[in-house]
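All chains, please: the whole structure from these sequences, using the hints.
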Amino acid sequence: MHAPRTAEHFGDLATQQQAARLGIWLFLASELLLFAGLFALYGAYRVRYLSAFHEAARHNTLWFGTTNTFVLLTSSLTVALAVRAMRADRRSWALGFVVVTMAFGLGFLGIKAFEYSDHIEHGLLPGRFFTSEVVTGPGAVVFYTIYWIATGLHAVHVTAGLCVLGWITVRIMHGRIDATNPVALEVGAMYWHLVDMIWLYLWPLLYLAR
Amino acid sequence: MPAEHRHVSLIGYLATFAALVLLAVLSLALSFADLEAWAMPVAITIATIKALLVALVFMHLVEQPSANSFVVLSAVALVVLLVGLVVADVETRPTKGATQDEGGSHERITPAPRAPGAESGTVRRSPPAGRPLGARRSFETPDHRPR
Numbered sequence: 004m005h006a007p008r009t010a011e012h013f014g015d016l017a018t019q020q021q022a023a024r025l026g027i028w029l030f031l032a033s034e035l036l037l038f039a040g041l042f043a044l045y046g047a048y049r050v051r052y053l054s055a056f057h058e059a060a061r062h063n064t065l066w067f068g069t070t071n072t073f074v075l076l077t078s079s080l081t082v083a084l085a086v087r088a089m090r091a092d093r094r095s096w097a098l099g100f101v102v103v104t105m106a107f108g109l110g111f112l113g114i115k116a117f118e119y120s121d122h123i124e125h126g127l128l129p130g131r132f133f134t135s136e137v138v139t140g141p142g143a144v145v146f147y148t149i150y151w152i153a154t155g156l157h158a159v160h161v162t163a164g165l166c167v168l169g170w171i172t173v174r175i176m177h178g179r180i181d182a183t184n185p186v187a188l189e190v191g192a193m194y195w196h197l198v199d200m201i202w203l204y205l206w207p208l209l210y211l212a213r
Numbered sequence: 127m128p129a130e131h132r133h134v135s136l137i138g139y140l141a142t143f144a145a146l147v148l149l150a151v152l153s154l155a156l157s158f159a160d161l162e163a164w165a166m167p168v169a170i171t172i173a174t175i176k177a178l179l180v181a182l183v184f185m186h187l188v189e190q191p192s193a194n195s196f197v198v199l200s201a202v203a204l205v206v207l208l209v210g211l212v213v214a215d216v217e218t219r220p221t222k223g224a225t226q227d228e229g230g231s232h233e234r235i236t237p238a239p240r241a242p243g244a245e246s247g248t249v250r251r252s253p254p255a256g257r258p259l260g261a262r263r264s265f266e267t268p269d270h271r272p273r
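One line per chain: the protein sequences are A and B, in this order.
Quick note on the working numbering: the first sequence kicks off at 4 and runs consecutively.
Quick note on the working numbering: the second sequence kicks off at 127 and runs consecutively.
By construction, these hints were calculated from the structure, which means they are not laboratory data.
Do not rely on the hints blindly, as some may be mistaken.
[To be verified] Just the calculated beta-carbon pair ranges, DEER-fashion:
1) GLY178(A) to ILE137(B): 51 to 61 Å
2) ALA144(B) to GLU124(A): 17 to 27 Å
3) GLU136(A) to GLY138(B): 43 to 53 Å
4) LEU25(A) to ALA141(B): 20 to 30 Å
5) SER33(A) to PRO191(B): 12 to 22 Å
6) HIS133(B) to THR9(A): 16 to 26 Å
7) ALA163(B) to ARG8(A): 51 to 61 Å
Yeah, the Cβ is synthetic: ideal placement off N, Cα and C, and Gly gets one too.
In structure tokens, the structure reads:
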């Protein structure tokens with residue numbers, strides 16, 4: 004068991020922990036702006052191709068997207084409970100909740116992979132690879148290009164979040180994260196919550212707007 | 127000295143989760159209702175309420191110093207600015223040249239006025255009539271098939 008160490012330039016551990024939280028918020032803000040560019044792209048092309056976007060969204064399987072929404076919402080709960088357990092010095096509960104969160108994350112990626120294979124089969128691909136005969140027109144192609152970029156980038160973030168949670172799992176097991184310094188877990192959990200929040204916007208834009 | 131003095135309770139987490147699930151179900155249900163132009167604003171509003179709940183409760187923003195909230199609010203303001211102005215830009219353009227499909231949008235009563243000599247520095251120009259705005263990509267060829 005390692006005692007948490009205060010770095011030299013911080014007055015005390017509490018200040019160091021606050022700095023870590025502010026730091027992660029700043030990072031999450033930059034990630035939000037990354038996706039904002041894609042949302043702006045979507046917004047602009049939606050104005051241009053409104054009916055085509057509705058038509059194209061109908062070819063997304065609503066239940067895949069909705070299931071994924073509930074998967075991520077539940078994973079947000081479990082990772083928040085992990086932080087709560089760690090703060091209360093219940094390390095094994097915290098570990099359990101983090102592992103469950105990772106399982107949900109893998110479930111999300113599994114559903115996404117299945118969905119992507121479905122899209123590939125129907126030719127609903129981005130840009131020059133679009134070959135669907137069922138839904139046609141430049142608006143549909145633009146919709147699916149944005150769909151693949153946005154959900155692909157989101158899936159990359161989910162994967163990164165899983166790596167972060169995996170690393171945190173190892174550190175909890177080694178006792179490097181405990182109730183006196185749970186900040187590493189909090190920071191990882193916050194990244195996971197961002198991944199959930201991005202999906203909360205992707206879901207209505209890409210699945211519900213039919 | 128501990129950083130926070132009040133923590134969200136277990137009930138708080140579970141109640142927030144219940145609210146998130148209910149809002150998602152609501153959003154899903156409303157997507158089947160014919161709200162026409164209101165469908166997107168309603169969906170985005172519900173998504174924003176859900177995001178707020180996640181940020182305040184799950185991410186513990188309620189417990190943290192307000193400096194952290196300031197960072198979040200700034201980012202959100204910038205996102206609103208970016209998306210809002212981009213959409214407003216495209217919305218208020220004249221629809222001349224939008225042929226292949228309905229062009230998606232609302233009728234223009236009068237085209238947006240163009241300042242004289244405003245060409246320099248603009249990236250987009252009005253296309254010749256009959257050609258979609260900015261159509262240069264292979265997927266926008268008339269037969270819609272990629273090369």
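Each hint, compared with the structure:
1. GLY178(A) to ILE137(B): 51 to 61 Å: Because 30 Å falls outside the window, the suggested range is violated.
2. ALA144(B) to GLU124(A): 17 to 27 Å: 37 Å, violated
3. GLU136(A) to GLY138(B): 43 to 53 Å: Holds, at about 51 Å.
4. LEU25(A) to ALA141(B): 20 to 30 Å: Because 27 Å falls inside the window, the suggested range holds.
5. SER33(A) to PRO191(B): 12 to 22 Å: 20 Å, holds
6. HIS133(B) to THR9(A): 16 to 26 Å: Since HIS133(B) and THR9(A) have Cβ atoms about 22 Å apart, the given range 16 to 26 Å holds.
7. ALA163(B) to ARG8(A): 51 to 61 Å: Since ALA163(B) and ARG8(A) have Cβ atoms about 57 Å apart, the given range 51 to 61 Å holds.
Checked against the numbered hints listed earlier, the structure breaks hints 1 and 2; every other hint is satisfied.
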